[in-house]
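Peer 1: Sequence:
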Amino acid sequence: AGAVSAMITAWVMYGKPEASMTLNGALAGLVAITAGCANVSVTSSVIIGLIAGILVVLSVVFIDKKLKVDDPVGAVSVHGVCGAFGTLAAGLFNAEGFSAKVVGVQLLGIGAAFLWVFPLMYILFKVIEKTIGLRVSAEEEKDGLDVGEHGLEAYPDFTLTGMK
Numbered sequence: 001a002g003a004v005s006a007m008i009t010a011w012v013m014y015g016k017p018e019a020s021m022t023l024n025g026a027l028a029g030l031v032a033i034t035a036g037c038a039n040v041s042v043t044s045s046v047i048i049g050l051i052a053g054i055l056v057v058l059s060v061v062f063i064d065k066k067l068k069v070d071d072p073v074g075a076v077s078v079h080g081v082c083g084a085f086g087t088l089a090a091g092l093f094n095a096e097g098f099s100a101k102v103v104g105v106q107l108l109g110i111g112a113a114f115l116w117v118f119p120l121m122y123i124l125f126k127v128i129e130k131t132i133g134l135r136v137s138a139e140e141e142k143d144g145l146d147v148g149e150h151g152l153e154a155y156p157d158f159t160l161t162g163m164k
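Per the numbering used here, residue 1 is the first one in the sequence shown, and the count goes up by one each step.
In case anyone wonders, no lab produced these hints; they're calculated from the structure.
Don't take every hint at face value.
Ranges of calculated distance between the beta carbons of each label pair, as one might list FRET restraints [stated by the list, open to error]:
1. V117 - K66: 16 to 24 Å
2. G104 - D146: 47 to 55 Å
3. G133 - K101: 45 to 53 Å
4. V69 - F98: 33 to 41 Å
5. D71 - P119: 12 to 20 Å
Pairs of lysine-lysine, DSS-like flavour, derived with a Cα cap of 25 Å [stated by the list, open to error]:
6. K16 - K65
7. K68 - K130
8. K68 - K142
9. K66 - K16
10. K126 - K66
Every value quoted in this text rests on a predicted model; they were computed, and no experiment measured them.
The beta-carbon is built from N, C-alpha and C at its ideal position, and this holds for glycine as well.
Sequences and hints are given; from them, build the entire structure.
Peer 2: Below, the structure written as C-alpha cells:
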C-alpha cells in the first residue's frame, strides 16, 4: 500500500512515477505498520501503509527543500517521520477500539524518543563536523566515494562523463 500511494503521490507531484520514491513508500509502509502489527486489522494496516506512502514523499520534499537536510536516501522520512506516524497509528487504529489513553501513551513515546535522539545526534554530528567533517570534498563527491576510498570505480560501465 505504501509503495502504491508513494508512486501515485510522486506521479501527481512530478508528472511521472519515481522509482526511489516508490521504493521508499514500500519501506515507509513497513516501518509504519511495525508498531501496530499485532493490534490493528488488515484494513487498518492497508490504510496505515497508504498514509505512510504519502507521508514519505511529502516529508522527503520538506526535509530536502525546506529544511535543506542532506538525506539522499530519505532515511529520516522513512524511519523518523513514518516511524513516528506508525507509533501514533498503533493507538489510533487499535482493533480493540479508540482509546485516548493509548494515543496519549503513544504520543508520549514519540516525544520521549525525539527528546532523546535529536539533542544527542545534534551534539554527535557537531562533534563529527568539527573533527573529521561530515562531507567529502566536492571532487570526491563528483568522482564517487569508491574512487576515494578504494581507488577504483564500483560500476565502471556507468561512469558519468562531461560533469564539471
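Peer 1: Now tell me if each hint is right for this structure.
Peer 2: Okay, the hints, checked on the actual structure:
| no. | hint | verdict |
| --- | --- | --- |
| 1 | V117 - K66: 16 to 24 Å | holds, 20 Å |
| 2 | G104 - D146: 47 to 55 Å | holds, 48 Å |
| 3 | G133 - K101: 45 to 53 Å | holds, 47 Å |
| 4 | V69 - F98: 33 to 41 Å | holds, 34 Å |
| 5 | D71 - P119: 12 to 20 Å | holds, 19 Å |
| 6 | K16 - K65 | holds, 19 Å |
| 7 | K68 - K130 | holds, 20 Å |
| 8 | K68 - K142 | holds, 20 Å |
| 9 | K66 - K16 | holds, 22 Å |
| 10 | K126 - K66 | holds, 21 Å |
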